[in-house]
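Starting from the structure of chain B, add chains C and A where the hints point.
Taken in order, these protein sequences are the chains called B, C and A.
Per the working numbering, residue 1 is the first one in the first sequence, and the count goes up by one each step.
Per the working numbering, residue 1 is the first one in the second sequence, and the count goes up by one each step.
Per the working numbering, residue 1 is the first one in the third sequence, and the count goes up by one each step.
Since the hints were derived computationally from the structure, they do not count as laboratory data.
Ideal Cβ positions, reconstructed from N, Cα and C, are used throughout, including at glycine.
One or more of the hints may lead you astray.
To be verified - Distance condition first, Cα-Cα at most 25 Å in a straight line; then the derived DSS-like pairs of lysine-lysine:
| id | chain 1 | residue 1 | chain 2 | residue 2 |
| --- | --- | --- | --- | --- |
| 1 | B | Lys-182 | B | Lys-219 |
| 2 | B | Lys-178 | B | Lys-113 |
| 3 | C | Lys-162 | A | Lys-271 |
| 4 | B | Lys-182 | B | Lys-63 |
| 5 | B | Lys-245 | B | Lys-356 |
| 6 | B | Lys-71 | C | Lys-24 |
Unchecked claim - Listing some non-contacts, in silico: residues in chain A with all C-beta distances to chain C over 12 Å:
| id | residue |
| --- | --- |
| 7 | Gly-92 |
| 8 | Thr-96 |
| 9 | Arg-99 |
| 10 | Val-107 |
| 11 | Pro-171 |
| 12 | Ala-227 |
To be verified - Beta-carbon label-pair distances, calculated as ranges:
| id | chain 1 | residue 1 | chain 2 | residue 2 | range |
| --- | --- | --- | --- | --- | --- |
| 13 | C | Glu-197 | B | Glu-355 | 51 to 57 Å |
| 14 | C | Glu-197 | B | Glu-315 | 28 to 34 Å |
| 15 | B | Asn-76 | A | Ser-167 | 57 to 63 Å |
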Amino acid sequence: MGFLDIKQATKSYGAVKVLHETDISVEEGEFLVLVGPSGCGKSTLLNMIAGLEDVTSGDIAIKGRSMLGVKPADRNIAMVFQSYALYPNMTVRGNISFGMEMHGLAKPEREKKIEAVAELLQITQLLDRKPGQLSGGQRQRVAMGRALTRDPDVFLFDEPLSNLDAKLRVDMRTEIKKLHHKLGTTIVYVTHDQIEALTLSTRIAVMYGGHVQQLGTPKEVYDNPANMFVAGFMGSPSMNLFPAKVAQANGAPAAEVTLRNGETALLPFAGGSMAGHDGRDIILGIRPEAITDRDGADRNSNAVHMIEATVELTEPAGSDTFVVTHMGGRDITGRFRADVQVEAGDRFPFAINMEKAVVFDPETEARVA
Amino acid sequence: MTDISRTEPASRPFGDRFRDALPKLVLSPSVAMVAIFVYGFIAFTLYLSFSDSRVLPSYNLVGWKNYEFLFRIRAWDTAVTNLVIFGTLYIAICCALGLLLAILLDQKIRAEGFIRTVYLYPMALSFIVTGVAWKWFLDPGIGLEAVMRGWGWESFRFDWIKDSDMAIYTIVIAAVWQTSGFVMAMFLAGLRGIDGEILKAAQIDGASTFSLYRRIVIPQLRPAFMSAFVVLAHMAIKSYDLVVALTGGGPGNATEVPATFMYSYTFTRNQMGIGAASAVIMLMTIAAIIVPYLWSELREKK
Amino acid sequence: MATAPTSRFITAGTGDPTQPRAKGPRLSAHLPRVILYALLTLFCIYYLLPLYVMVANSLKPLSEITAGGMMALPDAWTLAPWQSAWSTAQIGVEATGLRPYFINSLVMVIPAVAISTILGALNGYVLTKWHFRGATLIFGLLLFGCFIPFQMVLIPMARMLGLMGLSGTVPGLIFVHLVYGIGFSTLYFRNYYAAFPTELVRAAQIDGAGFFRIFWRILLPSSGPIAVVCIIWQFTNIWNDFLFGASFADFDSQPMTVALNNLVNSSTGVKEYNVHFAGALMAAAPTLLVYIVAGRFFVRGLMAGSVKG
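Bound conformation, chain B alone (with noise of 0.2 Å):
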């Protein structure tokens, strides 16, 4: 049994159900992350935790206590929404005041603790403004310091950040993992942006269509994604994802890809893996660090393989250059230095590492390799 326990929860309006069984399991001290795209059902949940909307079936609890009937006041848990939630009448002070009054603590002991907090945030100087007053990322650590002076269970942020611009996003980013590596409290935390998940999680819930798709560490989900939504998802330029063909490579299964020119090229599974599979339609998935310049590919990996493919076009993003080209069907698109001489319209070798390839079944959409 966990710190924060999800057991069978689903949601329903109606006849539409939003949230399908769902079962998560947070240790104390995680950084739950969940992602998905708008509707997926991410947002209910982390409400649900919160009491804000109740469980249709299944239970959740917190520190092995059901939480059915429970109000959001007395479950011990604190709250970070989009858009701040500040009270827009009161002070900052009176904000971060307002819950410890609720609760009835002596003014003193709220005057020491809002002192704290403040101090933590750095917004001491900014006590006595109203909100309206205040820039973006300052109302961002009102409403965290608000959430601070509850000492909750578990935090709950619900998308903190979208309402940042680029910069600002980034750096508060750092500065919430910062503040969860000092404090240490377990945080359930939703967001969109798959790289806010990467960054802070130390394991993400990947939620689409009311379902948990995969659930794991970062590493998991990136590397090995359960299926060819989460391997969409997740990632940045996001992964390639084409048609191929088992066959056989000096006696080994291997991919085999159609090029622009009708051309086929023969990929060997790294670790011969899908032997035994001849002749299936697969979807093969493949990152584009994977997919580099003979130079830039990694030397400990002995499954790398040269294919030559014409360069359709060039990306350069500073410190990469993206370089597309085009295999079964699609656009693939791989990861260069950035100082790397090729043009569109080249034929030039692509370095292919095959460890990181994941095969995918086209009906299914599930992981097979």
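Relative to the frame of chain B, chains C and A by itself:
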């Protein structure tokens, strides 16, 4: 939306149940009042319209008799005819004038705020005040006619308010004066809600000012027309104060409208059953306009 | 949150009529500015004329009016018609002037406005932030109550007031206005609170605030603009009401509008037009004052409610 009805665990303390019911408890006095004083009373009046009530309510049902009577009474006939004349002219003129004023005011007028205030202030007045002002202003003895004659136009005649055939039009004049500014404000809001870029695009497409308004702007004011129609129609059917103050229903009963008819049959002629029947017909007419409107508005909101 | 959502229920459009548009088409090419301004001025005269007639004639002796000088400014300025209308004019059978009735209207309007506004605010709060099944239906039924012809409730209400012992009293009128004012005040607050961020309510719930505490500490402090709109609307409506006053008031509990009508239509003696105009201006003064002081909110109220009960 915050959902307060949670799955019920085995037993809940009374305090929790009270807390969950609190919002509904707070709403309930209003709901109860409206249930009794609007819908209960509607039912009661509906009942009376089928009874032989005269001075006092009676619970003796007589079927459709009151309605049959009602449609044979000449005064009711006059009232309905007047309402049709008044309602049609009132709505048409208010809309036309309101639209014209809104378009004129939407031309980056320097003193727009002041002019708008002037056009709209009659809406702040009571219909009784409006009635008094126009009653004497239109009175041939001292008002417009006397003034024009005093200025030397000896043959000037404007005695509609004393003329049985024309008196209903004086009510239109006063009512239009009172509400057209408000219709102007509705259209102005509609005009201001139109995307400026659409207008720019139309101008680039070469639309003349006239066709710009006719083809692009006015069609987009459809919701404003709808609202104006509903509001004006409902005000026309309910109009009572203005008629009482301006003409008192006269000369004779030339300006009788359903609202004054209902009042006089119920309270001065002691024909409560017939009065109730006339009220029911007013309600049905308004409901035919309002219910579809509310329905579409509330459904849209979801 | 600062953007006050002038609710878009029963409104003409999404624009604010009190905000000049930044860009848009001009008729100017076809309509010279001179003519445009001339037209606008002409309409100004049309709307102001009755007001001018009332003011000018309330300040002149009766003889000037009956001599055909209604349009002229007073020759001999006098406040006598105002004094007469206020304290000595014959209203029905008593020569009390309009003063007692002005006071009746004030005593009636203040509690009716206050209570209906408070109830409307609470209703709006429940209907938007504590949504439950059937909330929209209940709102629809409340709203329809605003639009019914009140002729439909006159007979039973007269009896009900009798049963409650409130016949012909000012408290009876307060009660009637309260009952039929709830629909609109609920409409205003519901639409305003619908645009109020629900996340704030959720945050307060997590902070441990209960139903009333959330209302009092979170919503109410932000409700200033809509409260002003609602109060102005209710005040104007109730002050200007005639039907309920005429139906349910006794002689000494009449509101201002009914007394004014009696003053003007009393058949005894000479018609003192100048006194009538002074009385009409007295009846108009409070609402006109509100309109001039808070015109912007008045317009918002009209736009949101759109219906003069």
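Against the structure, the hints:
| no. | hint | verdict |
| --- | --- | --- |
| 1 | B/Lys-182 / B/Lys-219 | holds (23 Å) |
| 2 | B/Lys-178 / B/Lys-113 | holds (20 Å) |
| 3 | C/Lys-162 / A/Lys-271 | holds (17 Å) |
| 4 | B/Lys-182 / B/Lys-63 | holds (21 Å) |
| 5 | B/Lys-245 / B/Lys-356 | holds (18 Å) |
| 6 | B/Lys-71 / C/Lys-24 | holds (18 Å) |
| 7 | Gly-92 | holds (15 Å) |
| 8 | Thr-96 | holds (18 Å) |
| 9 | Arg-99 | holds (17 Å) |
| 10 | Val-107 | holds (17 Å) |
| 11 | Pro-171 | holds (15 Å) |
| 12 | Ala-227 | holds (17 Å) |
| 13 | C/Glu-197 / B/Glu-355: 51 to 57 Å | holds (54 Å) |
| 14 | C/Glu-197 / B/Glu-315: 28 to 34 Å | holds (33 Å) |
| 15 | B/Asn-76 / A/Ser-167: 57 to 63 Å | holds (58 Å) |
Hint check: no violations occur; every hint is consistent with the structure.
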